[in-house]
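Trainee: Protein sequences, first through last, are from chains Z and D. So the first sequence is numbered by UniProt numbering: it starts at 1 and just counts up by one. So the second sequence is numbered by UniProt numbering: it starts at 1 and just counts up by one.
Since the hints were derived computationally from the structure, they do not count as laboratory data. Here a beta-carbon is modelled for each residue, glycine too, at the ideal position from N, C-alpha and C. Mixed in with the good hints there might be a few duds.
Stated by the list, open to error - As a list, the in silico DMTMM-like pairs of lysine to aspartate or glutamate whose alpha-carbon atoms are at most 20 Å apart: (1) D/K171 - Z/D694; (2) Z/K567 - D/E246; (3) D/K147 - D/D119; (4) D/K147 - Z/E691; (5) D/K151 - Z/D694; (6) Z/K567 - D/D4; (7) D/K148 - Z/E691; (8) Z/K567 - D/D6; (9) D/K118 - Z/E592; (10) D/K161 - Z/E588; (11) Z/K598 - D/D149; (12) Z/K379 - D/D179; (13) D/K161 - Z/E705; (14) D/K161 - Z/D631; (15) Z/K567 - D/E250; (16) D/K51 - Z/E592; (17) Z/K379 - D/E178; (18) D/K54 - Z/E588; (19) D/K51 - Z/E588; (20) D/K161 - Z/E592; (21) Z/K578 - D/D6; (22) D/K53 - Z/E592; (23) D/K58 - Z/E588; (24) D/K151 - Z/E691; (25) D/K54 - Z/E592.
Claimed, not checked - Pairwise CB distance ranges (calculated): (26) D/D64 - Z/A687: 49 to 59 Å; (27) Z/Q710 - D/K110: 42 to 52 Å; (28) Z/D607 - D/D149: 27 to 37 Å; (29) D/D64 - Z/F640: 54 to 64 Å; (30) Z/Y773 - D/H80: 48 to 58 Å; (31) Z/L953 - D/D149: 44 to 54 Å; (32) Z/A619 - D/H80: 33 to 43 Å; (33) Z/A687 - D/K110: 46 to 56 Å.
Stated by the list, open to error - Just so you have them, the derived chain Z footprint on chain D, three or more residues with Cβ under 8 Å: (34) 34-41; (35) 46-55; (36) 242-250.
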Amino acid sequence: MTLKSCCPAMPNSLLWAVDIFGRVYTLATAGQYWELCKDAHLEFKRVSAVKQCCWGIACDNQVYVYVCSSDVPIRHREETYENQRWNPVGGFCEKLMPSDRWQWSDVSGLKHQQLDSLVLPSPHWEWESDWYVDENFGGEPTEKGGWTYAIDFPATYTRDKKWNSCVRRRKWIRYRRYKSRDTWAKIPSQDDPKQLPDPFNDLSIGGWEITDEPIGRLSVWAVSLQGKVWYREDVCHPNPEGSSWSLVDTPGEAVQISCGPYDLLWATLWEGQAMVREGIDRNNPKGCSWSIVEPPVPENGIMHISVGVNVVWAVTKDRKVWFRRGVNSHNPCGTSWIEMVGEMMMVNVGLNDQVWGIGCDDRAVYFRQGVTPSELSGKTWKAIIANRENDRSHTGSSSSLLSAGCFFGDEVRGSGDSLGPSDTDTSSEAERPGLLPEDEPCLGHGRPRGEEEAVSSVNREGKAQGTAPAELPWTNIDLKETRKTCAHSASCFAETPSLSSLGLFPMGLEEGYGADDHPLWAWVSGGGCTVDAHTVLKWFTIQSGLSASMQTLSLSITPAQTAAWRKQIFQQLTERTKRELENFRHYEQAVEQSVWVKTGTLQWWVDWKPHKWIDVRVALEQFTGNDGTRDSILFIYYMFHEEKKYIHIFLNEVTVLVPVLNEAKHSFALYTPEKTKQRWPIRLAAATEQEMYDWLALLSTSCSESRRIQGRPSPQAIWSVTCKGDIFVSEPSVDLEAPGHPMPCDQMFWRQMGGHLRVVECNSHGVVWGIGYDHTAWVYTGGYGGGFFQGLASSTSNIYMQSDVKCVYIYENQRWNPVTGYTSRGLPTDRYMWSDVTGLQECTKANTKPPSLHWTWVSDWYIDFNISGGTDREGWQYASDFPSSYHGYKTMKDFVRRRRWARKCKLVTSGPWLEVAPISLWDVSIIPGYEEGSKDSIALWAISDKGDVLCRLGVSELNPAGSSWLHVGTDQPFISVSVGAFYQVWAVARDGSAFYRGSVSPRQPAGDCWYHIPSPPKQKLKQVSVGQTSVYALDENGNLWYRQGITPSYPQGSSWDHVSNNVRKVSVGPLDQVWVIANKVQGSHSLSCGTVCHRTGVQPREPKGQGWDYGIGGGWDHVSVRANATKAPKSVSQEMAQDSPSRTADPEEGDESRESSFSNKTMLVVHAGQEANGSAVTC
Amino acid sequence: MTDDKDVLRDVWFGRIPTCFTLYQDEITEREAEPYYLLLPRVSYLTLVTDKVKKHFQKVMRQEDISEIWFEYEGTPLKWHYPIGLLFDLLASNTALPWNITVHFKSFPEKDLLHCPSKDTIEAHFMSCIKEADALKHKSQVINEMQKKDHKQLWMGLQNDKFDQFWAINRKLMEYPAEDNGFRYIPFRIYQATTERPFIQKLFRPVATDGQLHTLGDLLKEVCPSVITPEELDGVKKNQIMIHGIEPMLETPLQWLSEHLSYPDNFLHISIIPQPTD
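The shape of chain Z in the complex, shown without the other chains:
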C-alpha cells in the first residue's frame, strides 16, 4: 500500500473526446468536468491530440488543427537580402553586374526574393510589423544601416568597410505570427486538384520524440476513404499547419492509423491485418517500409489500433481488446497478442503509454488503471464518470440542497431540469449533415438530448437520496456477460466495416443508455494528457459543487485553512491552555523530561589514509536546556588500532547536511565551518536508504531546532541548489553583508527544502521561483519540508508532488583502422569503448543505472545529436585522438570518433512547489525589491526553453505565481535575463552579446526596445545579474565582468571590467552584494568544485569588491541572494567601514593574488583527483 499524505500538484493537461453528436470535449487532469471545446461551431468525427495542439477531421471531411493558446506567440521570421555593388560614379548602388545575384535575394543569392514576394502562407497568419533592417551582425552592432561588406559575392562579409570592399549587402527581417489559436483552423487544400487527397477517414499525430529539430516537430498521418496513407510535411511549432500532404505507398487499403510519440506507427488494413511502419528515425520520420502483423484470431480482424512508445493496443471486430507483447523500437512488430478483459469500441494510448477506451456497451470513456513502465498492460478499466460542464448546474444545486438538509420534491427537480436542454442541443440533431450519414437511422432512435438529460438527473438525485452503495467500486468491467448486446453491435459493425468504430450507435442498446447519467462518447484521444502512476485523478467520482469550487483555490490561502471550524479549534485550544494551565504552572509535571538518545550503526568515511568506510556506532543525545531550548550532540564511536575512540559534533555547529546518494552507498555529508574550510565533510552511510533518511531527517530537524529555525524561510532567505538538484535555504544574519567584517560565509546554516530544481531565484518579498532539469517552472508555495522530511519536519499544507526528468549520458567510442574502418576495437591504451565523458569510467548501456534509487528510467537509450561541436547523421563526432575536441564531420586526420547516448530518467518527490504551466523555462529573474506598499505587481522576467523573452504579469506577494506571460519580441533566441532595481532589465542572447531593455516601468512592464551591448572582446556571455546599480555578467570561459559607467541617464554603461575568473554562476543582490558559484576551490584537505563564494569589500565606491570569501561546497550549482536586503545596523557598518582599509591591505585577499591562486587551483585538479573524493557532491 502506498500512502501519501500530501496532495499532488498536477500540471493541467487535457484528455480530448468526441461525443456521438460530434461535439468535442476536453477533460483536464486536475478537473472534474468535461468542458466543451472553446470553438464549438464544428462537429468532428476524429480528433488526435498532443499537448500543444489537436488535429481533427470534421464532418465536412476537412482537416482542422486546433492550436492551444499560449502566452508565447508562434512567430516565423522571413528574411531577405538587399545586395549592392560599388561603382566609381555613384558609390554603392543597386546597379549590379549582369553576372551578379539579384538586387533582392535569399542568403545564398540563388533565389530572387523581393520584399513583396513574401506573402502569408494562409489566412491563419498575420504580419507582426513591416520589414526592417537587421543591424546586428554576429553579436556586434553594425553602423550605417546594417550593411556588411565583402570583396565580391559570395564571400565573407565584415561589418567594416575596407578599401577593397566592392559589394555590400544587408538583411531585411519581417516576422509573421500565427493567429488562429484556441480555434479550429482549416488546413488549406493543396493548389493542384489532382494532388488533393480524397476525404480523410482517420488521422493520428505523434512522433514528437523522434527529434528535437525543428522545435515541436510532429508527425501527422492520415488515411483517406480510399485507403491511402498520407503524411503531412513540415509540421512543427513555428509551422503548425505543415506545408503539404504526401502520399505514402501501402501494401493494401488502410482503414485506420495510429502514430506514437516516438517511432511506432501502426495502421489497420481492410482485410483485418495491421501494418507496421519500419525505419522511422530522426533522418527519416516517414519511415521506409511496411511489414504486416496478422490479427490475433483470423476470423476477427483488427478493427482499431493505437500505439504508444512501447505498447500497441488493438480492438478486433468482435470488440475484444488485445495487448501486443514485446513491442519496442527495435522490434516495432512485437511478438504476440494477449487478450485483455473488457470490450471496447476503440482504445487510445496517450502519454506515458497510458490507455483510454470507449466501452462497447455504455459508450463511457474508460481509463486503464495501473499502467506503469513495469506493467504496461495495466490492471483494470475504470469508467470516467465526470459530468459535462453544462451538467454542473444540476449537481451544484442538488448538493447545496443536500447540505441544507432538505429533501427534493418533484418541483425542485423539474425547475432545475428545465435549464437542461439548450438551443445547441436540439439544433444539433437537425443540422448534422456530415456526421455519420450511415448512422442516421440509428441515431434517429436516440432520445432528444433534453429528455435524456432529465432522465439522467432524476437518476442522479435518486442516488443521492437513497442509501447508495457504501463504496464506489473500482469498475472492473467484465463485459463478457453482456454477450447478447455485443453480438448485436458486432454484426452491426460487420456490415459497415469501413466506418470502423466511428460514432457507431447500435439501435438495440438504446434503452440501456437512457438510464445512464453519463454522456455517450465516440472517440477519445489521450496524446496530450499527462497521467502517470502517481497522478491522482478526480474523474472517477461525481464531484459536488463544493469541491468544484475548491479547484480555484489560490496558492497562499486555502479555503480549508480559513474555514470557520479550523479557526474555532485553534482558538479554543488556546483558550483551553490558558484555562487549564495558566494558574497552575507551578504544579509539578507528572512525567519528567529525560534525554532521548537515538543510537545506531552507520559507516564513516575515515579522516586518515587510506580513506575507507568503517563501521561505527552513532548516538544522538538530545537535551533540553533550562530555557526550554533543545540542543544535541552527535557521537561517533570508532576503533582505532583496537582502541575505542570517539568524535563528537555539537549540532548547533553543523552548517549543512547533504544527502549523497549513489547506487553503492546511502550516505550523507555533514559540514561545520571547520569542515567547510577543509573541504572535507564528515561522511556517514547507512545500510538502507530508509535508515539514511531517518537519520538525515532527525539530524536536520535537530540542527534547525538548536538554531531555533522553524517553519517557512523568511522572505530574505538565500536559496541555493546543488548539482544533484537538492534545494537549500539559509537565513542571512544581519552582519552577513556588513561592509567591514562580514560574517564568514562558511558559518551560514543551510537547511534543505523538499523538491528538485536546477535553478532557484528569489526576491525580498518572499516570491521564489524555480526551474527543474526538465525546464518546468515552479513557484514556491510557502510550505517547508517535503521530500524525505515527513511528519513534523514538514508543513501539512503547501506540499505537493513534484517530478523532474533529466538525461544520463554515456559515450560510444570508436577508433579507425585501415582494414575495417571505424570499429569498436580500440588500442590497448584507449579508453573504454563505452565510457563516461572523461573516458575513465566504463559505462555500458546495460550497467549504467539511474543516478539513485529515486530515479527511474523513462526512455530507452537514444543517440543524442544536440552536443556541442555538432554531429554527423548518425550522431558521430570526430577527432584526431582521445581526448580531444570533437567536430561533427570526418576529415582525413580523424582517427577516432564518439557519439553520445542519452537516456531519460524521472524523479518523483515532493516539496513546497507548484507548477507554473504550461511554458517551460530556461532562466528566470525577479526584481529584488520594490516599493513597500506599492500596488504594482512584482517584475518577473524569464527566458523560455525556446529562447523567448517573457515578462510575468500579476505577480504579487499573495499571488507569487502571477497570472500570465507577456511575450517580449527579440530577433534571436535568448539565454539569460535579470531584472534589477529600478526595473533595469538586462539579458544575454544566444550569440553571446548582451541587451538592455529600455523604458521598463510598472506602467510599461515589458519596456519598449532592446539596446544591443557587445560582449567583452572575444568572449561570449552566458549569464547576467543586475543588483541595485551593479551589473555583472559571466562568459562561457568562466570570467566575471563588471559593467562600468552605468548612470541613471546612461543605464547601458560603457565597458566591461574583468573581475575574476573561475566563476560558474553569479548572483547580485539588492545591496549590490556579489555572490558566485566558483568552479574550483582548494581547501586544507581537498579540492571542491562548485563552491558558494561571497565577494568581500564591495562598497558603494568600490562595487567590484576586493576578494572572495569561501562558503559551502563542493557540488553547489546555483545561488540566489536577491532576497537579502538586510543591511547591517548603521553604527556597526560605519565602524567597520573604518576598519576595512587595513583588512584590504592583506595581500591574501587582494584581487590579483586571488586570481593567480585560482589559476593554480585549475592546475591542481589533475593531481587532486583522489582528494576530490572528500567533497560531498561531485559535479
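Add chain D to chain Z, keeping to what the hints say.
Mentor: Using the frame of chain Z, we list chain D on its own:
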C-alpha cells in the same frame, strides 16, 4: 496558530491540574498532605501517578497498601480511559484543580479493571492502536511496522516524548492519496447520562457522493438523539467535547481523526449536558 502541526502539539501538551487527596477512611500513620500534579490529558492515570502513589504510601503502613485506584465524586475512574476523556466526561465545567480521591482499599471490582503493572497499560494501549488501524487501513500500516516502532509509540507516550511518538504515529495518520480519507474513522462516543459505556460503529469519512463527512454527520448517524432540531436552531442542550474543546459540527471528521485523536488513535468524544448557568 497557523499550522495544523500546532494542533497536534497543543493536544499532546494538554495538562490538567489535579489535586490528589487520600480517601478519608484510609488508615494513615500521620496526616496525608494533598498532592498536586499536572496530568497529561493524553495519558493514563496509572501511568503517570507513580509520584502520587509514593507520596501517599509514605504515610501508610505497608500492610494497608494494596492496588491503588482513583475516584471522583463517587465515580471510580477507569484507568483505561485517557485522562482527558475522564475529565471532560465527569468534571468539565467544574473549578480547577480537579479533585481526585486516592484509594488503596476496597477495589471496586465491578467498575474497574485491575492494573497490576505498566505492561497492562501497554497491552491495552497497543490493542487500541491496532483496533484503530484495523478500521483505518485494514491493519496494513500497523502490521507493516516493526516491533521497535510499536515500542517507540509506547515509549513516546510513557515518557511524554511528542517527537518520538509522532515520528511513528504519522504513518498511522496517512492514507492513500486516491482516497479522501481513512476507510473508517475510529471513534468512541461517551455520554455522561447513559449507562452504556460508549457508542462505536463503522463510519466512513467520505460520503458516497464524495462529500466529506462532518462531526455533525457522524452524530446524526450514530447518536441522533444529540442532534435535535432545537440543537440546530442554536438551543444547546449538550456539549460535544474532545480534548476540552467543542469543535463545530461542520468540522470534517477526517481532519478531526488526524488531529484530535488520542494517542490510541481513537477520537474519544464526550457528550455532556450543557451546564445551566
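Trainee: If you test the structure against every hint from before, which numbers come out violated?
Mentor: Violated hints: none at all, because every hint is consistent with the structure.
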